[in-house]
Amino acid sequence: MRASDVGDDAGGTGPTRDLDQLLAQVARGDQLAFEAVYDRLAGPVFGLIRRVVRDPAQSEEVAQEVLLEVWRNASRFDSSRSSATTWVMMIAHRRAVDRVRSATAEVQRDKKSAAATMTLEIDEVAETVENNFERERVRRCLDSLTDIQREALTLAYYGGYTYREVAGLLNVALGTIKTRIRDGLIRMRDCMGVTW
Amino acid sequence: MVRLLRHDLHALTGAYALDAVDSAERERFERHLQRCQSCEHEVRGMQETATRLAIAVAEPPPPGFKATVLAAAAQTRQHPPVVDSRPEFAVATRPEPGAAPEQAGQRARHRHGGARRRRRFRLAIPVAALATAVVIALGVVVGVQQGRLDQAQTQQRAAQAQQRELTAVLSAPDARIVSGTTTLGGHATIVVAASLDKMVFTAAGLPAQPGARVYQLWLVTPSGQATSSGLLPAARGGAAASLIAAGPPAGDEVAVTVEPAGGTRQPTTKPIVALSVPT
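For the protein sequence lines, the chains are D and E, in the order given.
So the first sequence is numbered by this note's numbering: it starts at -14 and just counts up by one.
So the second sequence is numbered by this note's numbering: it starts at 18 and just counts up by one.
These are computed hints drawn from the structure, not numbers from a lab.
Be a bit skeptical, because a hint or two may be false.
Stated by the list, open to error - Computed from the model, here is a short list of chain D residues facing chain E with C-beta under 8 angstroms:
| no. | residue |
| --- | --- |
| 1 | 52 |
| 2 | 56 |
| 3 | 177 |
What the hints assert, rightly or not - Some chain D residues well away from chain E (every beta-carbon gap over 10 angstroms; in silico):
| no. | residue |
| --- | --- |
| 4 | 3 |
| 5 | 130 |
| 6 | 145 |
By construction, the Cβ of each residue, glycine as well, lies at the ideal position given by its N, Cα and C atoms.
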């Protein structure tokens, strides 16, 4: 996986079409195409799930579910609704969040300590050549946000918290958190030049 | 729950795009999205943005994970696309989006049930002899693919996994074999191992198709609903073409059609052979 392969995806360039095509092949039961999709996206899928779920064994379980869902439902991917990478990442994030929220119902997580460490996490990511470029850009753009925008955004996405939980963690009014998440995302979108 | 104002709903685009809403809010917002084009546009841009956040934290999965996932996929039946059924494969029940297709198939099978007669003949070819033929055929496919050096190693691993899978199907205690001739000459054989939920399909003596056409394998339910099981790898020099696919339910048919390159979502030509899956 090269950074440019995934990095350009949302921009509607070559790799996007490529991944779209691969998914169409996967939908027809092509196992080699599935392996190619795996090679492209397993890293981001696993990394994102690890971030949200934390527990390595559970993360592995969820990541496998996600990749199998991609295999099973490849015929239902609709390129007019999202890029292929986003389709996969949305499945991954949704599943990860479902896992931690159902776990939360059983065992209350230590939200205060999570809030304290969360904002540091973007720096903890293991350095790998593949995602250096994209990570640098994300880090730079996150830095351009206000503190509360950045915290709200990372708690919601990497932490898997609902905006209500985020409001509780940051001790901020619900309406404020909603708009901070929205404003923060819009700024990130513009900063990273995301078009679709 | 208090009824939200439009303005409040619109402010939820960000939280929704990050899955930071509870399920009740998600439902309500999705209803709103259907009527609010600007929200939809905004949400999509945000979802693409979130993807960048995901890529930024990419992490290599643990060793062995890939083999596990690929092996699991090979054993997992895929969902058909949500499309209108073609008249020549008329179906009474179309699976609802998200509904398990197996269930729809079972409903259909239940209705048509025992009335179905088996019209394909079976041959009692010793499984071991067939195994040899299939292994040789897979060897041909792998040999061709290894020309692409950059992918040779991963493909070799995939080939080894495939070989193991194949051996497992052929040596399964409940392996059943069905064979038939095709309308284009040559013959096709399936070995079905219900206990593994897998099938090996192999065809020998099929004429090579010109570049623009391929052989595509289908599972056809008793009610006529066809699901692609993939394309047959192009066979060289008259060798057999083989494919390992998810196990078809007893009573289904395994059919092959000639389709435009890349395959189609639904069969567009008459099957050149159709084999009934043994019960």
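Against the structure, the hints come out as follows:
This hint holds: residue 52/D has a C-beta 5 angstroms from the nearest C-beta of chain E, less than the 8 angstroms allowed. A distance limit of 8 angstroms between C-beta atoms decides the matter here; for residue 56/D the minimum to chain E is near 4 angstroms, and the interface restraint holds. At a threshold of 8 angstroms, the smallest CB-CB gap from residue 177/D to chain E is about 5 angstroms, leaving the interface hint in force. The beta carbon of residue 3/D is kept farther than 10 angstroms from every beta carbon of chain E, the shortest such distance being approximately 14 angstroms.
Under the 10 angstroms C-beta cut-off, the non-interface status given to residue 130/D relative to chain E holds; the minimum distance is some 12 angstroms. With a least CB separation of 8 angstroms from chain E, residue 145/D falls inside the 10 angstroms interface cut-off, contrary to its annotation.
Checked against the numbered hints given earlier, the structure breaks only hint 6 and satisfies all the rest.
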